[in-house]
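Undergrad: Sequence:
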Amino acid sequence: MAIIGYARVSTVDQNPQLQLDALQEAGATRIFTDHGVSGSTASRPNLDQCLDH
Numbered sequence: 532m533a534i535i536g537y538a539r540v541s542t543v544d545q546n547p548q549l550q551l552d553a554l555q556e557a558g559a560t561r562i563f564t565d566h567g568v569s570g571s572t573a574s575r576p577n578l579d580q581c582l583d584h
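Under this note's numbering, think of the first position of the sequence shown as 532, with each following residue one higher.
Calculated directly from the structure, the hints in this document are not laboratory data. Just so you know, even glycine gets a beta-carbon here, dropped at the ideal spot from N, CA and C.
FRET-style restraints, in silico, Cβ to Cβ:
id	residue 1	residue 2	range
1	547	571	14 to 22 Å
2	549	578	17 to 25 Å
3	532	567	30 to 38 Å
4	584	547	12 to 20 Å
Please model the entire structure based on the sequences and the hints provided.
TA: Below is the structure:
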């Protein structure tokens, strides 16, 4: 079974690297990331791709 991860930061100035490192450490082999997407925004393109994967 593949482990798939998702990381999101709400501004383009933020760095998702800590999230990415944690996902890789947990064994995620495929990681989807959204940059500059607020938590209140319903449209998260890479989350949609992650859920479809």
